[in-house]
Amino acid sequence: MVNPSLGPTVQEHLLWARELQAMSFAVHIPLVCFGVSFPALVLFVEGLWLRTGDPTYRALAKRWSKAMAVLFAIGVVTGTILSFELGLLWPEFMSTFGGVFGLAFALEGFSFFAEAIFIAIYIYGWEHLDGRRHLLAGVPIVITGITGSFMVISVNGWMNHPVGFDVAADGRVTHVRPWAALFNPNFWHEFVHMYLAGFLVAGFLVAAVYALSWLRGDRSSYVRAALVVPLTAAALSAPVQVLVGDWAGRTVANYQPTKLAAFEGLYRTESGAPIHIAGVFVDDRVRFGIPIPRLLSLLAKHDPNATIQGLEAVPHRDRPPVNVVRYAFQTMVGIGTLLALLGVVYVVTWWRRGRLPRSAWFYRAVVAAGPLALVALLCGWVTTEVGRQPWIVYRVMRTEQAVTNAGGLPWVFVAMLVVYLALTALAIGALRRLAVRSPESELTAREAA
Amino acid sequence: MAQACLWLAIAALTVYVVLGGADFGGGVWDLTAGGAQRGAPLRGLIERSMSPVWEANHVWLPFLLVLLWTAFPPFFGSIMSTLYVPLFLATAGIILRGTAFALRPHATTLGVARLLGASFALSSVLVPFCFGAAVGGIASGRVPVGNAAGSAWSSWLNGTSIALGVVAVLMGAYLAAVFLADDARRVGDAALERATHTRALLAGVLSGVAAIAALAVVRSDARDLYDGLTSGAGLVLVLASAAFGVATLALVAARRYLPARATAGGAVTCITVGWAAAQSPYLLPGRLTLTQAAAGDATLTALLIALGAGAVFLVPSLVLLYRLVLRGRLDKPYEPLDARWRT
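Residue numbers (the numbering used here), protein chains in the order written: chain A, 1 to 449; chain B, 1001 to 1343.
Hints were generated in silico from the structure; no laboratory data involved.
From the three backbone atoms N, C-alpha and C, an ideal C-beta is built for every residue, glycine too.
Take these hints with a grain of salt, some might be off.
Far from chain A, some chain B residues (derived; all Cβ distances over 12 Å) [as the list claims (entries may be wrong)]:
| no. | residue |
| --- | --- |
| 1 | Leu1096 |
| 2 | Arg1186 |
| 3 | Gly1208 |
| 4 | Arg1255 |
| 5 | Pro1259 |
| 6 | Val1273 |
| 7 | Ser1280 |
Residues on chain A that point at chain B, a partial pick, calculated with CB under 8 Å [claimed, not checked]:
| no. | residue |
| --- | --- |
| 8 | Gly102 |
| 9 | Phe112 |
| 10 | Pro239 |
| 11 | Val242 |
| 12 | Asn405 |
Residues on chain A that point at chain B, a partial pick, calculated with CB under 7 Å [said to hold, decoys possible]:
| no. | residue |
| --- | --- |
| 13 | Gly7 |
| 14 | Val176 |
| 15 | Ala180 |
Excised from the complex, chain B in its bound form:
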């Protein structure tokens, strides 16, 4: 039963990394789009694509937290208390990012809109970096069992953490660019499609390079994790991720964006599942196994029943939302972002 709950937590994490990660990536492209005028077409596209879905995509995060604290309470307490610095930074970033994104359309002047845009874009880099760094701290065995028992700083400022933080940011940018290229084609703007197409290829190559570099860092910094990733199921998944990555590049190059969405998601899924496989049976490597961390059977049973019942409502609702989105039924008319402040 603990195993089933773990798989559900990994599934929630994976969906969050793919969908939520793409929304963070949207922020990265907003940040790098250029000046207010030059960047306006891309920013308008990003806002239009993210608006209807970012909240639903975000809910996977609190959902994951709930799964962890219900099913694996000591794991949750240990990671939250030791990794409080990056996680508090992430919470501040989450507030700034969501608020700025939701309020930017209501800004009265271009100046205010730019300020909100900057806060949205910068926190879109901060948050995935912090999450990646926190995962690095867990995966490299730097979180002991206990109340803030690990180091407040070296638990997330270390080779593995920084490498994973960078990979998280780049991976989000890569997903976002693939998704945006598809949306740009739906808008029917050739220049925008070219811009997102180039970015998707660039970010794809960069994330691939960063992932390989991260593997090298992990080899010297967290040998157990490296061994897990280069043998057995871990190895299979790492190779599958690479294959998905290459396939995505090929599909993007061929401008077949809809299947590219799926393969890009597949590449990321293999990484999260691969991480879980690499440190199995531990939740905190070398310190806390799945069995030790799991809550009692009564709790796990109740949780699985609740999740099963909830899924009956959730799955059709999500399908409805994404179907409406992908068919353009929730689209606002496209305009460059600065248009509404330049009339």
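Next comes chain A alone, as it looks inside the complex:
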């Protein structure tokens, strides 16, 4: 165990600090999804315009780029707040380990810079740069959206599987190896999982907007393109995400057995461990759940008789809050499965019949899939981050050792809640107005002709 480098911590409002951090992430992470995937969709549509010369595609790419600009601007400020909060809420974490994992953030900083620069050139260059050059200005946005999240997730992977330093007998961090920390073995699956989640969340949310227009009878080529492009991206990602989820689950089983036990609420170490659907974890077991024998062993180790370590293996104070983790995990998996089915229906219809599904229920399902994908995303982060508790650096530093000694955290929480609510309401309002404006308003008279 490590000693916090700024001295002991006394914080009666630890939970408020955690909730404030969680709230700030919950606002920022959906924007990250758009940063990861939306530029690729916008460039794809702009590419269609360059290929076909159809002004519908230009109008759509231009409209989406405006939404991208709004989402990026809010992502910039909410992301900045996260970097402040790392210090404001967790100064002991930063001062003890900043030198270990900071490198990833420095590299992320460059991605962030390049993203801001080329988004500006892309957005304000529509009328100034010719087609091919304009498309080229968008390419760095696609790349940096990915590299930026890559670096941040490397830090999260490191918190869950800390490597690249030693702890001396007196509790000081020594022998720091920043490159080893950067490429910790835990982050590859997290990165791929998040990358696909970006396409799922942004894809289904954007598709949901136009599925609604579709249901209202608008079958214009504009709405059709705006529906098909994001829906195809999301539908292709959804089944793959199931496989990546399996990879992630097995990695957790290897590196963080207590977290895996919390996913299921498995108290005793047992072989051939079952999974219970729904129910509640009380008195060290799951009650009222629907059991599926041996499934946990099968999923976690690909062997129905494998032994799975239970919560009992660690003292009570080293276990995460089981019900929160368990419900979050089950919600994520449940929604993920439904989204995968929806994706399969879409892809199969397209492949076998060469057309879009006709049933209104399919489009209603797409409308629901947008917000559901968002819920699954947040549940996924709750699963991995609450599942990491009570550690901020897994098995090395407890969250309560990392927190600030500053007072008044409940007040800060309430103030930030108000700020975030205002931001969300304003952003949704602006995006809705952007979506309902007529596509022709994006084109000059010459381009529309």
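We have chain A; now place chain B onto it with these hints.
Just chain B now, with coordinates in the frame of chain A:
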């Protein structure tokens, strides 16, 4: 190596103060532009000038935070935990300001646009004041090493902090006015150029006076800092800053705005570098030296390698952006801000 990282952090801080500060200053001029109709031409110019660059200018701030927590972790932990009140205020201001600015063009009515404009403009005063006050707390030695070990209030509500907060706001306004005057000339609107010209001269004089007043406050409130600023390298830089300030005024008066951009930036650079020189070798005056605060060599080496590699991409990209901006290649057609809601 710690020294190299410190210089890079000071460079990032300086660029942020010049470019980010000018964007805050844009908010100050938006705030003081007058009623919705009378202020509309200036507000339209401010929005047009800031839109393509404010995000790139802003990224210097998180970049600076990253440099500090990687290279000087205990310094970062100590200042963030003690100065949490002004810094939380600043974060709220950063959110409100960025969101309001990005969403204002999408407002449906003039009323909503004014509400967003007010939130943008007011937080553009709040944020630089809080940052200036926080710097005042550090420079006047009110942040001890430790987890929230200093006072939550007197660390930033003291003479030096308030003086530096006011200077930060005025300096931003001064930079913004100089930059806007150049942009107004590019728009080719004589009335706007006159308006920004006058503001640049006014803000230049005011920041000069405020800087001298701040020096007097520092003399009584933080003697060590004052001594650092009035001897050796500190003194040279303070005098250089004053010279740059006077040169900027002369250039603005002569309507030579492009070189005025450079000298205005020079005046501010001398202040940030002068501050660093004045409290050298300390990061937290009297409590934590650069050597004590620095992370291990492995970290600093890795950081410098990463920064060097990143700069290979960053520098040409930034040059491309600002070249496009200064040549008007990213300009939207100019219109007074209220035009789109009054059709």
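Now the hints, each set against the structure:
no.	hint	verdict
1	Leu1096	violated, 7 Å
2	Arg1186	holds, 14 Å
3	Gly1208	holds, 31 Å
4	Arg1255	holds, 27 Å
5	Pro1259	holds, 25 Å
6	Val1273	holds, 22 Å
7	Ser1280	holds, 22 Å
8	Gly102	holds, 3 Å
9	Phe112	holds, 5 Å
10	Pro239	violated, 35 Å
11	Val242	violated, 35 Å
12	Asn405	holds, 4 Å
13	Gly7	holds, 6 Å
14	Val176	holds, 5 Å
15	Ala180	violated, 10 Å
Against the hints set out earlier in the document, violations occur for numbers 1, 10, 11 and 15.
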